[in-house]
Amino acid sequence: MISFDQAKSHFQAEGISIAEWSRSWGFKTALVYRVLRGEAKCLRGESHNIAMALGIKEKSLNSALQIRMKETSMEANTSEGDASS
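Letter 3 of the sequence shown, counting from 1, is numbered 3 in this note's numbering, and no numbers are missing.
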């Protein structure tokens with residue numbers, strides 16, 4: 001698990017905007033910002049999924065598998081985009 005500040009720092013270090021990350025994961029950008037500011041409880045639903053995807057909450061086995069499937073899908077889409085450029 002990482003802290004809210006570590007998650008924000010990761011975006012800066014990787015040169016990824018929070019809005020870009022939100023769109024690529026299919027999350028509402030405003031809710032991602034609320035999670036990163038610690039304003040959302042992240043107990044269930046989309047805020048919970050955002051926190052898990054960011055690494056702020058510990059993932060259950062089922063949740064980790066779902067997120068890994070999403071990451072794999074994103075990597076495949078990025079590779080396809082690179083190949084066509």
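Please note that the accuracy of each hint is not assured.
Simulated crosslink set (BS3-like; lysine-lysine; CA at most 30 angstroms straight-line) [claimed, not checked]:
{"hint": "1", "residue 1": "K57", "residue 2": "K41"}
{"hint": "2", "residue 1": "K57", "residue 2": "K28"}
{"hint": "3", "residue 1": "K8", "residue 2": "K57"}
{"hint": "4", "residue 1": "K28", "residue 2": "K8"}
Derived by calculation from the structure, the hints in this document are not laboratory data.
Decide if the proposed pair is consistent with the structure: K57 and K28, CA atoms, cutoff 30 angstroms inclusive.
holds, 18 angstroms
**Prompt:** Would the pair K28 and K8 pass a check requiring their Cα atoms to be no farther apart than 30 angstroms?
**Reply:** holds, 16 angstroms
K57 and K41: Cα distance at most 30 angstroms?
-> At roughly 11 angstroms apart (the allowed maximum being 30 angstroms), K41 and K57 satisfy the hint.
For this session: For the pair supplied as a hint, K8 and K57, confirm whether the alpha-carbon distance does not exceed 30 angstroms.
Result: This hinted pair holds, its Cα atoms lying about 15 angstroms apart.
Consistency with the previously given hints is maintained throughout, with no hint failing.
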